[in-house]
Amino acid sequence: MRLMNMKNATFKTQLFLALAVAVTLSFAQSAFAAAPGITSTAGSAGTFTLTAQDAYLNQPDGNAIYSWGYGCVSGSSPTFDPEPTYFAFTPTCGTMQVPGPTMIVTEGQLVTITLNNNLPTAAGNTSILFPGFNVATNCGPSTAANPPQQGLLACEAVPGGSVQYTFTASAPGTHAYYSGTQGDLQIEMGLYGAIIVLPAGGGPASCNTTKTNLYGKTTYLSSIGLTEEHDFRLAHAAYDHPKSCYDREYLFQWAEMDTRIHKQAEAQVQAKVGCSAGIMGCSLDVQTEPYHPAYFLINGRSMPDLMDPNYASEYPHQPYNGNPHMHPGELTLIRTIGQGRWQHPFHEHANHVRILARDGNLILSPTNPASSLAGTLMFNTDTTPGEAFDGIFYFSGRGLNWDAYGHHPAGTGNYTSQSAIASIKESGSTVTVTFGGNEIPPVGSSVVIAGVTPAGYNGTFTILTSAATSTNTITFTDPNTISPLVLTITGISESAGNARTVTVTTSGTVPSALVGAQVSIAGVTPTAYNGTFTVTSVAGSKFTYNDPSRNLAKGTFTSASATLVGGTTAGATATMDLGANSPPNDPQASLSCTPDYNGYNTGDSKALNYYEWCQDHNKPVQVAPFGDVASGGPATLPDPNVLTNGQWYGGSPYLGPDASLRGSMASCDTTTNATCTTLLPSNTQANPASERGWAFMWHSHNEREITTNNVFPGGMLMMMLVDSREFPIDESQ
Amino acid sequence: MSRRNAGAVMSLAVLISIWAVPAMSQSFRVQCPTSTITHPDPGNTGVNNAEPAYNGPTQFNSAALGLPLGTTGDFLTPKSGVNGAIKCQQVSGGDGYSTMGDGNQIFMFSFGPLSGLADIAAGRPGTQFPYLFNTPYSTVSPDVPLVRGDPATTDGAISGAVPFPPSNSPTANPLFTWNGAVGLAPDVASVVSVSNLVEGPVTAALYPGATVPGCPTTTASATTVTAWTDAPLGIPVGGQVVISLAAAEGGITAPPGYASALNSPWTVTCVASGSGVTPDGFYQYAFQYTDTNKGLAADTGNDLAATASSPAMLDGHVDPRPIMDVGVMNGSIPAPLVAIDEDDELFLTLTNVGMIMRPDLFEQHTIHFHGYPNASSFYDGVPDASVAINIGASFTYYYEAPDAGTYFYHCHITPPEHLQMGMVGQLYVRPRQNRVPPNQDLYTYLGYQNGISEPATNPAKDLRTECDPTNDILCSASMPAVNRSASRPVAQSLCNGGSSATTAEYVYNDGDGSTCYDVTYPIQMHGFDPNFHFVGMTFNPEMFVDMKDKYFLLNGRSYPDTVAPGPQATVTSDGQMHYSQPLPAVINIPAGGKASLRLVNLSVAEYFTLQSQGVPMHVVGWNAKLLRDQDGNSTEYYTNSITLGGGESNDVILDASDDSCSAYLGKGCAAKLYPANSTFYVYSRNLDMLSNDAENFGGMMTEVHICSSVTGTTTSTSSSSAADAAATFGNTCSTN
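Line order of the protein sequences matches chains A and B. Just so you know, the first sequence maps onto residues 1 to 733 in the numbering used here. Just so you know, the second sequence maps onto residues 734 to 1469 in the numbering used here.
For the record, the hints were derived by calculation from the structure and aren't laboratory data. Even glycine gets a Cβ: it sits at the ideal position worked out from N, Cα and C. Be careful, since some hints might not be right.
Claimed, not checked - Below are the EDC-like pairs computed for lysine to aspartate or glutamate, each with C-alpha atoms no more than 20 angstroms apart in a straight line: (1) A:LYS263 to B:ASP1421; (2) B:LYS1281 to A:GLU289; (3) A:LYS211 to B:GLU1199; (4) A:LYS211 to B:ASP1201; (5) A:LYS211 to A:ASP596; (6) B:LYS1281 to B:ASP1421.
Claimed, not checked - Derived contacts from chain B toward chain A, CB cut-off under 8 angstroms, selection only: (7) ASP807; (8) LEU978; (9) PHE1111; (10) LEU1207; (11) VAL1296.
To be verified - So these bits of chain A aren't anywhere near chain B, every CB distance computed over 10 angstroms: (12) THR49; (13) VAL135; (14) SER313; (15) LYS606.
My request is simple: use the sequences and hints to build the entire structure.
Given below as structure tokens:
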């Protein structure tokens, strides 16, 4: 996060350590989010046996907070979806987790949920509400031990007892489930979770062939020999509707936590251990108002823990994370549930979200419901207590007005490199130029020399030889010649008075082209006459130069000479057509972009720039070159030293490792570095060299909720990364 | 200067350099190009200094190399019908004070204006076309520099929470009228030495042996000056050259007539094609220019006669002194208003001047353009995902204007702190439909944008402006389901056709006129927690959990300050008056008209419900999107209250047109519900928010004034027309 300042220094130091640990873990595991859950606890799809129990939740400030949650009874054998082998950590369903196990069922399925009340006896009855479903229960006359009791809102399991709920998952969608017993306490303590109903058959067939969907096709990854990404979707569509197709999905459950409530519950439960249910005093009296939360949770975790892997072993009771990734163009389904008692304005950076449905009810156009949605477009999607919504998001970079991939045109006349000239000297009619960097123009291509004096050096020439050594050298033939190259000095004196003009008389005629050239004077006394100077004027056998000294005596010598050193190169440039030798030698720099009907490059699923917005193809970002990406764009970037880089900063205005590297090779064009080094910042640990994605913050815009117990950063905050196609978004490692 | 004084200055210089080294020097810069790839103006004709009418999509060369788009080649460049212009703005990041409704002065971390100062003070957006942004203050006021507190200081603003009197109001009688970029200064030019100067023909009789290859010699006119130089001039024929005479160094003094006057350079007429020979016999470079004098004596001694240079250029370099003078403690709430038009390019420069009250903090700042669709992380302003701007540095954020709508911006450094402390501003994008020529059919023109059919003059569609809900799930300005044959009203008329000083415009590209308004008011809902601000000013740990707003603000003001016209000034800890709350929140509506409220909530802690008593709220947009389903059906609705969470925006039209009166009572009904000279109220229905801290009165409330007419004034250096100025804050409500 940002650099630490003196405010809250101690807190921030702790958090930094926590973040560093989190980040390291992320590297090692490369584990991202999804919508993981279970399809059953006992092998028969749609059949779940849950338990409500207590445990302690970990928070990034080091606190362990007493909580209640739903879990799988010990000994059950849950079926996990997606594939357990996809995950870095073995999926688990412990006896208590917050949020509770995400139950994944299919449209039309009969769902049976048995809840065992294993909360401390003093906690009393508990239950589950399934808003949106027509639920049957086993409340009623019973001779069993500890039979369920009908509560106000739900059929409840008594301490040590159980209750059963059955319903048909009649329609697809994302739904909440949560305690129906003393919700102000039990939901606050963590008794909530999600049910996802998948459309029968996985969704409309048209969802298998959307242009954004590359699962099952050959992509850039396999074209360079990497393994294709796993398909992490639970289905291909959220609903039985062609506008609900998606390529990735994430589930976010938002809730806050007031530790005062948890501490009261913990103290009272401990004080009443062993009390008998139903006996006077064997109950809790917890003040749940005034409400003053200090922890703001997504999927039971706070930033930065939130971005650690699903099922990470350090969070045994908080298995689900929030760490969304996507490629450009991919339709991303955001399943969101407000599980707490407050609303949170969930701000998605980077684009709007189309609301598909609320509580599983699609919002469709009245005049064309078969193909037109009517949900709003939001950049802030409020999470409302108890409500679930589904939304579709994508990022494509459309309309940025520069090429996000840093492409530049290939071929002659386009991609050129301008290098500063270190030295330029003519011998006979052959001119030798040295310059910095490691750009190697091909022999036979043209070079434009500009800014050298004498002006005779300037012009467009054909490269004769080209060699990369410690400094690069090219030679070309110049129609101008300067002869002779060594002049014999017959007289040398400085103007009288305060002037610094030295007039040199030679034995022959001084070439007029010498004006502006560098000459080396040697053999004269006083020695202040000797050195390398720029010729300022020429007349017959004489020339002048300015020296730094004044009032020099007339020069004496036995043998003195003026030797042509070469052109004056301050500010001089050599502009070379590098052809195929572009540094780095990178065919990805000149990919093509063929717009489809919508303007995106979707012709070749193997293209690195699949789904590039073609109108901005090859368009540079700034006026002055940033690396080797051609100049001419609108903006000028400042000296990077006046800026502070973030940990998720990709290091350039470009997307992906290749483009970022190419767009940051500015030092290739200076004379100070013989080898190319990149300007990519080194402190971007959270966005490593293999990724260089574009990171966007997804967070609560009631910004005080992006803190953890008064420490920023924390709380309801996660970074969403848009990754180029060369970076596998792969939860399987 | 005496030797003794020189020594003292030297000591001071040493001291300064000791302090300067570890801190590095400042790196302030601004950017406002007059020509870009998207808005080319190679001839500098000024096409980007005005918003052209929308006559159809911008036409592109398929590619610069003539290749069809999609083949490997160059990038797209516009060919004709270029839409939009270039807009620029500079804001400071630093601190400041504002005055709450109970008189309490609150410390803020804040943005302040560093360009468009006069427009901001007048209640208008500070976003400028290049010709206004690129006007240095020295060109309008060569003798009197900007002073601390400007424009409030020059305007003579008076103290406290009371806005200064109308007689002295910038809207009525602005003393400070400049809108350029603070600090902008001409660059230092490169200079060559001139050894010889000759006016008139260069003849063998007068100057034996002298040559000027490729230039007229004997035929040179009496006002042609030939100058020989020690280095190439580097200015082409037709370029401007500044001649400055040199002190004679062992030679003769050239006549002063050779020199060009300040800001009035000579024009180069010829540049020698090879080495020339000076009248005193040396090979040198040479060029010629034309002056306005005749008969100047030649200077042919071989010493420095003059220097020649290019004119001083504006290239974005700035003088840091006025930036610090004006930028320090000039923070305002809301932050400077930004407004652009669809198809514009916006160059928004953030200059971090540091926080004087918190010298312990090395606080960076950023700008997050909240809601920008398909944003790049680079210009998204999230410090974790991009770059943050250090104290003493500038960064220019670059945006191609997104779809029309009400957005906003804020600093994204430690958001719960910097937003609560006040770094929140409003930003909106006006639709293409505002540029449809009068009387033209809105549905047809929306069809041009949406690629349905194109006019003969602009035959190729532009995919960037298209909203095709079949293919794009995230667009809303699709064709309306019903073509209502609405057309653009002529200038200076109401949405419903009546005459007005205002001009009807639109919030969105609706194609049916449903988002038409006559006046538009960006209104920011925000809250300040004075305890947190006190902590922010001092050196104590911040408690986010306990954050509780106690001042409830519309445009940074509580009632009744909300209805006071003109900017509100606060004297800050530097002893100067600063415009701390430039925007009123009073809603003036011409009788029979409609006011667009661009509502945003930037509180970091609260949901706000704003209620309109009397005038119905027509909700046309949410989160910068037109309310319309994918089949073109309107999902707009009427209400009398809206609720927004932090970071949310919506577009409400307060409909005082009495059109509904017509619907109920028959056309031309006598019983007008919203007659001129009536007042209505808009306030927070969270009743505890109608307070100013301990005062049980005030808070989040303002008034709606129905006016017989609403008029505006502008200055000669404002980017607004009078009709534009009437259309927002700083206008005048007539109630006769």
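Cross-check of the supplied hints:
no. : hint                   : result
1   : A:LYS263 to B:ASP1421  : violated, 31 angstroms
2   : B:LYS1281 to A:GLU289  : holds, 17 angstroms
3   : A:LYS211 to B:GLU1199  : holds, 19 angstroms
4   : A:LYS211 to B:ASP1201  : holds, 16 angstroms
5   : A:LYS211 to A:ASP596   : holds, 10 angstroms
6   : B:LYS1281 to B:ASP1421 : holds, 12 angstroms
7   : ASP807                 : holds, 5 angstroms
8   : LEU978                 : violated, 18 angstroms
9   : PHE1111                : holds, 4 angstroms
10  : LEU1207                : holds, 5 angstroms
11  : VAL1296                : violated, 29 angstroms
12  : THR49                  : holds, 38 angstroms
13  : VAL135                 : holds, 32 angstroms
14  : SER313                 : holds, 26 angstroms
15  : LYS606                 : holds, 17 angstroms
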